[in-house]
Amino acid sequence: MVSQIRSLGRYGVESIQSIGRAGMLFAQSVTWGGPGSAGFRDLIRQIYSVGVRSLSIIIVAGFFVGMVLALQGYNILVKFGSVSALGTMVSLTLLRELGPVMAALLFAGRAGSALTAEIGLMKATEQLSAMEMMGVDPLKRVVTPRLWAGVISVPVLALLFSTVGIWGGAFVAVDLLGLYDGAYWSNMANTVTFYEDVVKGLIKASVFGLVVTWIAVYQGYDSAPTSEGIGKATTQTVVISSLAVLGLDFVLTAVMLGGV
Amino acid sequence: MSDSSAHVEVRDVRFRRGERLIYDGLNVSFPRGRITAIMGPSGTGKTTLLRMIGGQLKADSGEVLVNGGDVGRMSRNELLALRRDKMGMLFQTSGLFTDLSVFENVAFPLRVHTDLPEAMIRDLVLMKLEAVGLRGARDLFPAELSGGMVRRVALARSIAMDPELIMYDEPFTGLDPISMGMILRLIKGLNEALGLTSLLVSHDVEESCQIADFLCIVSGGKVIGFGTPDELRNGDNAEVRQFLNGDPDGPVPFHYPADDYRQDLLTGVK
Ligand SMILES: Nc1ncnc2c1ncn2[C@@H]1O[C@H](COP(=O)(O)OP(=O)(O)O)[C@@H](O)[C@H]1O
Ligand SMILES: [Mg+2]
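Residue numbers (the numbering used here), protein chains in the order written: chain D, 1 to 260; chain H, 1001 to 1270.
Heads up, a few of these hints could be off.
Stated by the list, open to error - Only some residues are given here: those of chain H computed to face chain D with a beta carbon under 7 angstroms: (1) G1054; (2) R1084; (3) M1089; (4) G1095; (5) F1097; (6) S1101; (7) P1109; (8) R1111; (9) F1226.
As the list claims (entries may be wrong) - Here are the in silico distance ranges between beta carbons for each label pair: (10) G1069(H) <-> Y11(D): 52 to 58 angstroms; (11) G231(D) <-> L1116(H): 25 to 31 angstroms; (12) L8(D) <-> L1194(H): 52 to 58 angstroms; (13) R1111(H) <-> G182(D): 57 to 63 angstroms; (14) D1249(H) <-> T31(D): 54 to 60 angstroms; (15) H1203(H) <-> G231(D): 27 to 33 angstroms; (16) G1033(H) <-> T31(D): 17 to 23 angstroms; (17) P1041(H) <-> Q17(D): 52 to 58 angstroms; (18) R1111(H) <-> A27(D): 24 to 30 angstroms; (19) E1104(H) <-> L8(D): 35 to 41 angstroms; (20) R45(D) <-> G1246(H): 48 to 54 angstroms; (21) S227(D) <-> T1173(H): 15 to 21 angstroms; (22) V2(D) <-> G1069(H): 44 to 50 angstroms; (23) R45(D) <-> D1259(H): 56 to 62 angstroms.
If you're looking for bench data, these hints aren't it; they were derived computationally from the structure.
The beta-carbon is built from N, C-alpha and C at its ideal position, and this holds for glycine as well.
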C-alpha cells in the first residue's frame, strides 16, 4: 500500500517535472535567433517535410470523410424532407470540426511521430551534442523550424481537408444520389460565414498544430537515447497529442461558441 | 599540480547521477599543448568529465576552468561562443549529421559561424579533409563510410574552426588496427602541428602510451594517478599498475561484490 502511494507520488512528481521541461523547451525554442539559429530556408524545408508530405493522406482522408458525411446526412435529412440543407451540413461539419480535428490527428500520426523519431535519433547518435559542442544551439537550429513548420502546416492541411471533403460530399450527393447541384452549393454559400466558420476553424487548427508539434519535438528531445526510448517516445507522441487535440477541441469550441 | 600552463583545471568537483556519486572531490589539471590520456574502468565517468569540461554537464559543486574561466558559471551564449572558438570534441559515436554529405558536415561550422564566401569555404573544407585523407570522399554520406572514415570526418569537422582544445572520447573503439593507426597518427600530428591541447579518453593502454605526454588514471571518482607513462608504470600505486598492465585481479577486484559463493550455491533460493 505504502509502495503504491509512493509510486503514485513519484508518477505525479515526474509528470510535473516533465511538463516543466516541456515548458522550458518551448520558451527557448519558440523564438528565432541566436548563434547558429535556423534560417528561412530551414523553415521551408521543414514545411515541406512535415506539411507537403502529409498532403496525400490529408486529401484521401478528406475525400472519404466528405463522402461518408454526405451519405449519412442525406439519409437523415431525407426523412425530414430537407435534403437541400445537405451542403450546409457537410461544409459546416468539416470547417468547424472535422477539418481541424482530423487534420491534426492525421498530422500527429504522420508527421508528429516522424518528428519525434528524427529528433530522438539525432539525440541518440550524439548529433545534437555534437552541434552543441560546435557552438550551435540545437533548440534554435533543430527545434524552432520544426515547431513553426507544424504551426503553419496544420491550418493549411485542415483547410485542404475541408475543401476536399466538401467536394467528396458533392460527389456523393450530386453525382451518386442525384441531388440538384444548385441546392448543394448555393445553400452552402448562403449559410457558411467567413469569420464564424472558416476563421474560427483555422484558429483551432493552428492551436492543434502548435500543441501536436510541441509534444512531438519535446518527446524526441526528452527521449532516452536508446532504440527502446525512441520507440516509447514515438508512441507517446501519438497518444498524448491525439488526446490533447480531442480535449482542446472541446475547450476551444466551448470558448468560441460562448455556450459554456 | 596547479601550474600556470594549465589549459583546463578541475577543482574539487563533485558530480552526482541519481543516487550515485560519480565524482567526489576531483582535482586535476591538463597542461596546455600536450596530449593527456584519460583512462579508467568503464563507467567511472570519463565521458562525464569531458562533458563537464565542454559545459554540457554542470558539476554539483567545484569549478571547471577552461583558460581560467569557470565553465559552470557561463551563460548559455558564453558557452556557445567558447565552444565555437576554442573547443572541439569528437564523440564516441561521432555525431555526424546523417542527412549531410561529408563535405557539408565539415562545412557546417564554417557556414553557421562565418560569412566566408563559398570559394573560401570550399578551400577550407578540402584542406581539412585532405588532412584526414578523405578529400576524395567528400560527396559520400555518413552511412556510406566505414567506422574509421566516420571518425576521421568527425575529426575534420571538429577542427574546422581551429580550436585550441580538442577532446576525443574513445576514438579507437571498434576500429581495425590500420584505422586505429591512422587516428593515432592524426591525433599526434594535430597536436604537434597546431599545438592543440588534446584530451584523449581511451582504453587502449599501449596505443595511448605511444602518443600521450601524460596519463591521467581515474577510478572511484578520483584521480588515482597522473604522470608520464613511464612514471606511472614504475610508480608504487598498485591499482595504477594493475590498470596499465591489464591484470584481471588486484586492488580492483575481478568479482562484483557478492555473498559467499558456497553459501549462495547451497541456499537454493533466487
Ligand atoms: N544519462 C545518464 N543518466 C544516468 N546515468 C548516467 C547517464 N549517463 C551516464 N550515466 C552513468 O554515469 C556513469 C559514468 O558514465 P560515463 O561518464 O559515460 O562513463 P565512462 O565514459 O567512463 O565509461 C556510468 O555509471 C553511467 O551508468
Ligand atoms: Mg564513455
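Tell me, which hint numbers fail for this structure?
6, 8, 9, 10, 11, 16, 17 and 19
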